[in-house]
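**Student:** I would like the entire structure built from these sequences, with the hints used as guidance.
Per the numbering used here, residue 33 is the first one in the sequence shown, and the count goes up by one each step.
Treat the hints with care, since some could be wrong.
[Unchecked claim] With a cut-off of at most 25 angstroms between alpha-carbon atoms, the simulated DSS-like pairs for lysine-lysine come out as follows:
1. Lys107 with Lys180
2. Lys83 with Lys107
3. Lys594 with Lys753
4. Lys656 with Lys621
5. Lys753 with Lys656
6. Lys58 with Lys862
7. Lys107 with Lys656
These are computed hints drawn from the structure, not numbers from a lab.
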Amino acid sequence: MMLQKMASIDAQMRLLVPKRVSEDDKLVEYDALLLDRFLDILQELHGKELKDKIQNLYELSGLYSKRDGRGDVDKLQQLADLFNNLDPGDNIVVASSFSHMLNLGNLAEEVQIAYRRRVSNAKKGDIGDENSALTESDMEETFRRLIKQCKKTPQEIFEALKDQTVDLVLTAHPTQSVRRSLLQKHSRIRSCLSQMYQKDVLPDEKKELDEGLQREIQAAFRTDEIRRSQPTPQDEMRAGMSYFHETIWNGLPKFLRRVDTALKAIGVNERLPHDVTLIQFSSWMGGDRDGNPRVTPDVTRDVCLLARLMATNLYFTQIEDLMFELSMWRCSDELKARVMKIESLQRKEAKHYIEFWKHIPPNEPFRVLLGDMRDKLYNTRERMRQLLANGKSDIPVEDTFTDASQVLEPLELCHRSLCETGDKPIADGSLLDFMRQVSCFGLGLVKLDIRQESDRHTDVMDAITNHLGIGSYRNWTEEQRQEWLLSELRGKRPLFGADLPMTEEVKDVLDTFKVVAELPTDCFGAYVISMATAPSDVLAVELLQRECRIPKPLRVVPLFEKLADLEAAPAALSRLFSIDWYLNRINGKQEVMIGYSDSGKDAGRLSAAWQMFKAQEDLVKVAKQYGVRLTMFHGRGGTVGRGGGPTHLAILSQPPDTINGSLRVTIQGEVIEQSFGEEHLCFRTLQRFTAATLEHGMHPPIAPKPEWRQIMDTMAVASTKEYRSIVFQTPEFVEYFRAATPELEYGRMNIGSRPSKRKPNGGIESLRAIPWIFAWTQTRFHLPVWLGLGSALREALETNPGNIALLRRMYNQWPFFRVTIDLVEMVFAKGDPRIAALYDSLLVSDKLKPLGEELRRKYNETRDLLLRVPALSPLMDLFYYWKRVVEYLVEPSCATK
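**Tutor:** Structure below.
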């Protein structure tokens, strides 16, 4: 009878567990092919004996990882023994081989995912699979779902899109740890593998692709994985900007065409206007000087000029392509007059020439106009090169383009002319694509944000007030600071001159403002103040912009990061908006940034996520009270501990009314390759952000119920208490962290231009994301993600046993809570405390090992508590019970109590 019940439960549980990847999906075949090719190369280069040894280690590690998802401790010990007995000379080859085999496995999976997506898209119905819509939707699916489920009209969708903007901000940190040379080789391996399995590939072509695959695998293996010198901010900027040349430049107009097609499918018979910027791009590369002494004013100047040089190169190529395409002779009178003016100026026969051409149209008028643009673009490009090389140029500014509107105006003229003469299909081809590119990228390609810590501005103000003899700004109260700043902002006197005594730090801040003043205004986006806490932080930057004579002041964005700052953010914003001068200055628009990394490191992920949710709600309420449209700027990373996760879900889980068609979000270091490394990745990234932002605005997620808020508050308090008791209040924690993880080694690696710490002598609070998150990831322990969650869940369940049902309702009905739980579950699926224990056994002193054992106990307790939350029915309770029984029968020492 008992066996029948267990069999019944097992059968029902199979319905809840996702199906494993089948061999039909080609993953096994892809993986085996790449691994076989690599092992052949390994044998050729290092001999059969070492190849067999590496293959045995790799297969043994696979057996360890596959056993019921938790690992076989015997296999792990065998692996440890084999590794410890390797010849010292073989260690580097073995480590490098493992790294490349894992990379090849990831590439096989990426190709398989792309294959499955193509098959899935071919089978989808009108509004798509409901489950896939949770993580991703294409534009037409999103439109149809909004029409069917939310009763929106096609015209309402069209108007919402025209008012929508998503700004993707590329940052260099945490830097992509894989070298660009390897990333390009990986891209070619993916391409070869994909082509080999296409249905129409010929046998000879398959052989050639196989040869190419072996070449690229060997080239990747023979390429040094480690940077031997630290990249400069300019290097990081060039690497980031290379994605524009490779995928983004052409990917954007292709995506916008797909939006037009989707609109047409729902009955909207007009295209999005070319100047509607659904997607914009910004950058922090060369502008983020918070804790990075290598980002100097000269670096900021260089990266801006480099970006403009890259933009003019792209524009120049595009103009030449258009000159070949627009060879027709019919044109409007407006275009004819412009062309006559151009040719008359060129031939210096103005009056006679215009009279002559009134009756005889130019032979190829579009080419004349585009040729004039090409000449100006050539001058613009050469001027940028000279400014980069010498700091000055002999090319007059009037012979160049200085603003994107100067490029766009003649293109719009060409478009109008083609439409007037019956050639609208031609007008809506490459010409429309180029107009959209100009509208999106401008002459600067990306807008550079400047980021600086608030204390650095305080240093400048302190130097000024001391020089003026009115006291120490640093020692003033917030009220005194505001009063003085506002009096100066309302006045006209200069605050300082060349005689201002300056430290190197003060000079660096002021020189940065001077660079912003000297360069074209379209080079820059926002001025972000990290560690902002009060209105004076914002007013100080406004005053410095005025004093340094910045023609078009940058919008000032306070960044709230730590838990206390997030809690105080709504009150700080309210005080700022209550200042009449500032409210008049911003013209009804304000941007606020919230940081995921520092808040998570400060209080643990659960508490930080909940506080950011509440802070956004309150910030929006404050903005509405003052009639201000608020744009939230999300400083998300790629890992879960830094706010990472599926884009679509992340956006849809934000509080209602916090997006409303306007969103800024960072695309950080290692995520740039995942988002824009291939053309199809670029397309999906643009689609995800656009579709999710539209859906959030037109179909907002459910607001949390009072009882949900209450239990989340209780859980957050318990989570923060446990997290801080371990990370900040346990005396041995820092010593244990540095012994048990490669934190110090990560800090010495050449994977980023900025130091691993904000302050050289600081503790955990000053660590950057690379050593903090990456170090715990290396040991498969992922402590920043789960620490504190176990106490939170235990507090909720012990306070009231009925809360389990409440948590399940929250999971099923509230996107924020579901995403929070699902991402932690995903991290637990990747984690393995036994590997962390092995690190401890090899690296940690005896006096610190009890702390590691205690942390692993908390890990297991948190995992088991977490398993109970997302259950959809009491069936999971039965499964949970039998799981514990089986654990006890198999391995009593590891069973859950």
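**Student:** If a hint holds in the structure, say so; if it doesn't, say that too.
**Tutor:** Now the hints, each set against the structure:
Taking the CA atoms of Lys107 and Lys180, the gap is about 54 angstroms. The hint is violated against a cut of 25 angstroms. Note on Lys83 and Lys107: the hinted pairing holds, with a Cα-Cα distance of about 20 angstroms set against a maximum of 25 angstroms. Straight-line distance between C-alpha atoms of Lys594 and Lys753 comes to about 15 angstroms, which keeps the hinted pair within the 25 angstroms bound. With a C-alpha separation of about 11 angstroms, the suggested pairing of Lys656 with Lys621 holds against the 25 angstroms cut-off.
A threshold of 25 angstroms between alpha carbons decides the hint, and for Lys753 with Lys656 the separation of about 34 angstroms lies outside it, so the pair is violated. Between Lys58 and Lys862 the CA atoms are separated by roughly 23 angstroms; this keeps the pair inside 25 angstroms, and the hint holds. As the CA atoms of Lys107 and Lys656 are separated by approximately 60 angstroms, the hinted pair breaks the 25 angstroms bound.
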